[in-house]
Amino acid sequence: MTAPTTAGTRPRHLLDFADWTPERLTALLDNADTMSQVLDRPVRKVPALQGLTVCTAFFENSTRTRVSFELAARRMSADVVSFAAGASSLNKGESLRDTVEVLTAYKVDAYVVRHPASGAAHLVARYSGKPVINAGDGRRAHPTQALLDAYTIRQEFGSLEGKTVAILGDIRHSRVARSNAELLPKLGARVRLCGPATLLPADLAALPGVTVTTDPREAVRGAHAVMALRLQQERMSGGYLASLAEYADHYQVNARLLREAEPGAIVLHPGPMNRDLEISSDVADGEQSRILRQVENGQAVRMSVLYHLLVGRE
Amino acid sequence: MTLTITNIKRPGSEAPESVTVENGVIKGWNLPHEGEVIDGQGGAVAPALIEPHAHLREPGQTQKEDLASGLAAAAAGGYGTVVSMPNTSPVVDDPATVRTLIEKADGLGFARLRPAAALTRGQEGEHLAELAYLKEAGAVMFTDDGRTNEDARVLRLGLEYARSLDMVVSVHAEDASLRAGGVMNEGPVSEALGLPGNPAAAEAARVARDLEIVAQTGARLHVQHLSTARALELVRGAKARGLPVTCEVCPHHLTLTDEALRSFDAVYKVAPPLRTQVDADALLGGLLDGTVDCLATDHAPHTGAEKERDLLEAPFGIAYIELAFPLMWTRFGERLGLERLLDLMTAAPARVLGWPAPTLEPGAPADLVVLDLDTEREVDPRTFLSKAKFSPWAGETLRGWPTLTVVGGRIAFRR
Chain A
1 MTAPTTAGTR PRHLLDFADW TPERLTALLD NADTMSQVLD RPVRKVPALQ GLTVCTAFFE
61 NSTRTRVSFE LAARRMSADV VSFAAGASSL NKGESLRDTV EVLTAYKVDA YVVRHPASGA
121 AHLVARYSGK PVINAGDGRR AHPTQALLDA YTIRQEFGSL EGKTVAILGD IRHSRVARSN
181 AELLPKLGAR VRLCGPATLL PADLAALPGV TVTTDPREAV RGAHAVMALR LQQERMSGGY
241 LASLAEYADH YQVNARLLRE AEPGAIVLHP GPMNRDLEIS SDVADGEQSR ILRQVENGQA
301 VRMSVLYHLL VGRE
Chain B
1 MTLTITNIKR PGSEAPESVT VENGVIKGWN LPHEGEVIDG QGGAVAPALI EPHAHLREPG
61 QTQKEDLASG LAAAAAGGYG TVVSMPNTSP VVDDPATVRT LIEKADGLGF ARLRPAAALT
121 RGQEGEHLAE LAYLKEAGAV MFTDDGRTNE DARVLRLGLE YARSLDMVVS VHAEDASLRA
181 GGVMNEGPVS EALGLPGNPA AAEAARVARD LEIVAQTGAR LHVQHLSTAR ALELVRGAKA
241 RGLPVTCEVC PHHLTLTDEA LRSFDAVYKV APPLRTQVDA DALLGGLLDG TVDCLATDHA
301 PHTGAEKERD LLEAPFGIAY IELAFPLMWT RFGERLGLER LLDLMTAAPA RVLGWPAPTL
361 EPGAPADLVV LDLDTEREVD PRTFLSKAKF SPWAGETLRG WPTLTVVGGR IAFRR
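Those protein sequence lines, which keep their order, are chains A and B.
Everything in the first sequence is counted per the UniProt record's numbering, starting at 1 for the first residue and increasing by one.
Everything in the second sequence is counted per the UniProt record's numbering, starting at 1 for the first residue and increasing by one.
Isolated chain B, as found in the complex:
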């Protein structure tokens, strides 16, 4: 299959160009037009985005999301590759499940799926999963995300084992005993609302512990969805010591605070929770100074009925993989700049995972996205391809919408 996309601009260039892709790779730039010709309408072209942290809910919870809806939503968000979390039902902790997921996703024609596998069997935190077999089957990361690794010794063993496989372990860094029954950030807002709080110390204490294990083992650790200024400071210090640690932040922790919970709307109930403006500002500072390695959405779909429950009963999670780039571009585009933002959503997650940086050079895989950086559109959750049709940003006007996503030379999404 041959495809030519015309009238697109590479970052740093104002001149419209065309790219031709053939047999799944980039054939070249500004060649005579071949195959299907698509007008890129002056949009910015970039390697397709990489989502290092999403929940696709298959197997077992397909009423919330499945591979088809989740990967279609990802493609609509400009993503070419999605790393799915293993906290499905059953848990992704055996090689057969990893293979099945990849094969099924490959047949769908949306974004690519690269599953993360559980670090421990059943994510129970007690016995290591068969990490070597899981890697052979195609797992790209080990994590018990959705659960916190309470047993420090097991985490240490997992890190050591993963190191021997040259794999990264990612962690949901939260001390479960300090979090207790907290459903939102602990502070003046939680106290005024009478809701059980999750203290910032729950995150910082766990990050501090895990960083000491990294110092001991030398293994690569990736800290997921940092939410507090203090935990970020700990990671900054660890990096200064030369420890092999990386971290991600989520756009929702940059753009929302615990004040949003005053609506009692469970759409704002996430784990780790929305923190304070001081934390959000610190996280942005971490993006600007390079402490934060990459962006992740932690796309966590639920049914509308589940999110209509009260704040004690509703599940944790926001799903917005279709909005992540427009949200970041609209809110922080000027401060971050296009190249840095794209790096945070493409090459940076690749570096975390130990992959080569995606490029638009001839011969590279034809995974690319065209972004309309100027046209404003209102967020309408009813139009989401994800099954989770709710959003904290419903009704907001955003810029930077993907208009075309190509994965492996095939059109995975076109607006």
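Bound conformation, chain A alone:
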């Protein structure tokens, strides 16, 4: 079985960060600065992707990520075609392959894929032969979210080198946590993952630059960025948590916990938020919050990714 991309050569896809060197990732973030300037102009459009067609294939519900990608593609003058499918329990794999082959026959040039199964974006890359951007697959990866997180932190501190990022919440089921745990150490940061033991696989400590702890104070102590993850309420029926109240009492990112962090630390959240559950409202809206900045940066980062994969200049 050949992997869709090969380490050492220029990555053809953004499925995860396995094949991306720190240099290429830095170039991607640098390029996002340029894209950000485009978004500040009166006419927020450049012709970079004119004549190309980007397909957003979403097999799982999403509004924010999808809008962000579609606007990013349109601002670069690409045609955008959207495909939304409920993840049917029957023949899903067959329909995924069939769907992708049909779309490819329609001359789609690149895919943005969200799917409930880890690895599904890899399958789209295999079946389509076109560049694929993973917009979230199962618990596996959400690389553009991690890139916009990294970009936001870098924007604040100038560099990720030597920075500590604490990520709190449902680590077990979070593709955002996994992608950040993969990306941030490549850019020189340390990552601390924190949550109740039932939502915190100790095996993630095997990743380079990553530590895990069940103690939120230990996680946040001296951190430069503190990220709260959305707590999905169905985790209670799965037996992962005793109660939401107990979770909030122990793991909520709030002013008291933030006092453990480095002065000037910023607060991140991939959204959507459960206010006053995983994050207190005052912190979400407070001075240290960069949550709306993340959303804004998402578009520039996604433009940069599309540019990198489809135009070929860095």
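In case anyone wonders, no lab produced these hints; they're calculated from the structure.
Misleading hints may appear alongside valid ones.
Cβ-to-Cβ under 8 Å is the rule here; a few derived chain B residues that face chain A [as the list claims (entries may be wrong)]: (1) Ala15; (2) Gly187; (3) Glu191; (4) Leu193; (5) Leu195; (6) Pro199; (7) Phe264; (8) Leu311; (9) Glu313; (10) Leu336.
On a predicted model such as this, the values are computed, not experimentally measured, just so you know.
Where is the CB? At the ideal position from N, CA and C, for every residue including glycine.
Place chain B on chain A using the hints.
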């Protein structure tokens, strides 16, 4: 029908010999050539292999495999006898189905079929199947394989009943509640890939429970497809206590690890899952020290389209009955030696099933295989006789390919 195979070597002997078979039995060695004469081309001859654990999918799922394709594939793999698992649709839990399967298979002329029957009705794990009738009809083993025996009391009753019939019960030893939705081994790889994991404890916990029931009942239990070092250790301890327990391992658990899942290719999705190198090494250790009784492939065919699904949706199972001997010979031939490897794939499964050991002596059933131990061939799934034309070992070069399989004195496969 008379057949003479010339230019073949018995294990431990370098001198080419010939064997003559007549009316389904071995007539003798180095007799004047009679009947059809086949040149064995210097290959090693052995009793035909016995597969104690295969899924042939008939009745009900013949798009995946049927008796003809599955038993032809088995013959191509050097097998003379296949024990089929009962998790078909409908489940093999009534005597008529057992008889029908055997009669149909006998007419095909490939490997023999010896069906295992369900331990419980519909493999539901609640009421015992009619075990005595099933044995009379020709069932050779009882198992709810494909399902895990969650109700310990029902398993106990099944073991006691089977003991009175002098039959073995085999189990898929996995605690379903611990396995939960796991699709691969739980560990650093599953966490990095974001895939739900199946912990090694799911196997060990169930083996520990079942061994206590064996200690209580004294009934014979066969543990299928062991995948973890810890469960193997439990079986080793039970054997030291003198408990009547046997176990099998599968070549895929010896040759592949959970690292393979990094490809996100569902061809590697099996139950129990591919574990770690530590586990694979321990299983090999179990083969070398005799803790592991026999090899089984757990041949589990699916359609290509099913295996092209994502890892959550794709079904569990690898199908490679045509490759098992070459795979084992190529990878472990030097460490195991030919005689031990052949024992693990012939006499050992026979012992597990309570059958006499197959031999090549005059008067024995003419079930034999000729193996080319030297010529290298590339694995090409497109050439498989099985309907499952996918393989983790596609493109690999293997040695030890069967060139001739004779079952009941008839040629069942010839390369």
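Each hint tested on the structure:
Restraint check, Ala15 of chain B versus chain A: the minimum CB separation of about 44 Å is more than 8 Å; hint violated. This hint holds: Gly187 of chain B has a C-beta 6 Å from the nearest C-beta of chain A, less than the 8 Å allowed. The restraint placing Glu191 of chain B at the interface with chain A holds, with a minimum CB-CB distance near 4 Å, inside the 8 Å limit. A cut of 8 Å between beta carbons decides the hint on Leu193 of chain B: the least distance to chain A is about 6 Å, and the hint holds.
Hint status for Leu195 of chain B: holds, given a least beta-carbon distance of 5 Å to chain A, under 8 Å. Taking 8 Å as the C-beta cut-off, the interface hint given for Pro199 of chain B is violated, the closest approach to chain A being about 11 Å. Proximity of Phe264 of chain B to chain A holds as hinted, the smallest CB-CB distance being about 3 Å (cut-off 8 Å). This hint holds: Leu311 of chain B has a C-beta 5 Å from the nearest C-beta of chain A, less than the 8 Å allowed.
Taken as an interface hint, Glu313 of chain B checks out: its beta carbon lies about 5 Å from the nearest beta carbon of chain A, inside 8 Å. A cut of 8 Å between beta carbons decides the hint on Leu336 of chain B: the least distance to chain A is about 28 Å, and the hint is violated.
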